[in-house]
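Kindly generate the complete structure, drawing on both the sequences and the hints.
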Amino acid sequence: MTKHTYDDADLERMIRDGLRHHAGDAPSDLGAPLPGSGGSRSSGSATAAAVPPSSPRWRWVLPAAAAVAALAVPGAILVANTLRDNDSGVTDPVAGASRSASTGADSSTTSESPKTAATADGRPAGIPADWRPESYGGVQLWVPPTWGWGGAPMAPDWGNGEVLDCSEGRAFTVPGSSAYEFVPDGVPYVGRPVMMTDACVGSPDVHPKVDAVWFDAAGVKAGTESYPDGVVRETRSVGEVTVTVFSKDAALRERILGSASSVTVDANGCPASPPDVIRDSTPAGPTAPASLGICVYAAKGLLWSGAVGAKAAAAYGKAAGPHAPGATAGGPANRRGEDEVYLRLADAAGRMRWDRYDAAIGVLSPTDSGTVLVPATVANTAPWAKDNGGVKAYVIGGGTALDAALQQYFRGILG
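Under our numbering, the sequence shown has 194 at position 194, and the numbering climbs by one with no breaks.
If you are wondering where the hints come from, they were derived from the structure by calculation, not from laboratory data. Model, not experiment: these values are computed from the prediction. Some hints could be false.
[What the hints assert, rightly or not] Heads up, simulated SDA-like pairs for lysine to any residue below, C-alpha to C-alpha not over 25 Å straight-line: (1) K311 to D280; (2) K248 to D280; (3) K318 to S177; (4) K318 to V378; (5) K209 to G223.
[Claimed, not checked] Computed Cβ-Cβ distance ranges for the label pairs, DEER-style: (6) I361 to A404: 15 to 23 Å; (7) G202 to E181: 17 to 25 Å; (8) W158 to A284: 38 to 46 Å; (9) A284 to G223: 48 to 56 Å; (10) P175 to A284: 21 to 29 Å; (11) G176 to A288: 23 to 31 Å.
Backbone N, C-alpha and C fix where the C-beta goes; we use that ideal spot for every residue, glycine too.
Take a look at the structure:
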């Protein structure tokens, strides 16, 4: 296991993260240096240092003293996030999720000015109420609600290290639709390093002509570049991920980049790495589902997340059924692989369960003595996948076990 030697600045950051986690008990001024810390705060410039690659986030060893210092703030709080039910238009709480009152920006990359303090629902102050969260690899930021989804330059193992653009610099899906590729020109989007199409271009030197965000784009370094058409590309490192924003609007770039922070659990209740569906579920499970989080994982952890409201959550819960004590599944309940989909079903009382969705073998739900295997059907897939552009963009379907009725909700293996 790789160990990381922590200095005073690291300890200061951990303490501040703990204070942000319990914002109601934190001092009003989080910007002042801690006594004796000797640490300095980054200005949030594009060239701010990233977490050293030799110290992977998931393998750091947190010293006991630092853990105590970071968490010894009395009065643990539970902050409810809100969702817009895509069927009824009713706002419903995400119940049972232990939320940080602040997402806690990485001190090496993001300034901690008052505008970055979080509001009650977890979004940074100054971010409009209708903007949505986007997560990738333990980093979360916020974008306008109409933005679509697409790809970003990537360096796949099968490409011998070459940077490939399999995204065409445009949106492939949009909110409220299961259509793929048939997106009007000019739609802003969030891109991830995935293969949106098999029409890939090697070593691309292009840029989106619309406002866009790229997570972890291969070959893109922290810094700023201006193009002849007036588009500016600004990139910052947050944790182990680069965040790139393209726009002619400097204020928009700053607002999006300023909202980016490292998180262990995002605003949709999705952890940065796959959950253990048995350990992390309430044994009894939810009785009246109020929310359903959708967490999609790939090689770097969380690839994309989304959520639907009470009506869709209830429809999924009814179709998938309650836990059946004593039943066992035909496959593992908590495997760790790529393109994994986990569904987080919760009720207003805080009871929740994690289901792992696999279109090939069904829905696996945890029980005290094993797991329950439920066949994947339109009834237990449509409530969260139908007309969900994020699912269509990033969840791969296909294979003999997936019929056309289900395939319509997912992306093909080659885009």
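We went through each hint and held it up to the structure:
no. : hint                     : result
1   : K311 to D280             : holds (24 Å)
2   : K248 to D280             : violated (44 Å)
3   : K318 to S177             : holds (24 Å)
4   : K318 to V378             : holds (13 Å)
5   : K209 to G223             : holds (19 Å)
6   : I361 to A404: 15 to 23 Å : holds (18 Å)
7   : G202 to E181: 17 to 25 Å : holds (21 Å)
8   : W158 to A284: 38 to 46 Å : holds (45 Å)
9   : A284 to G223: 48 to 56 Å : holds (51 Å)
10  : P175 to A284: 21 to 29 Å : violated (34 Å)
11  : G176 to A288: 23 to 31 Å : holds (26 Å)
Against the hints set out earlier in the document, violations occur for numbers 2, 10.
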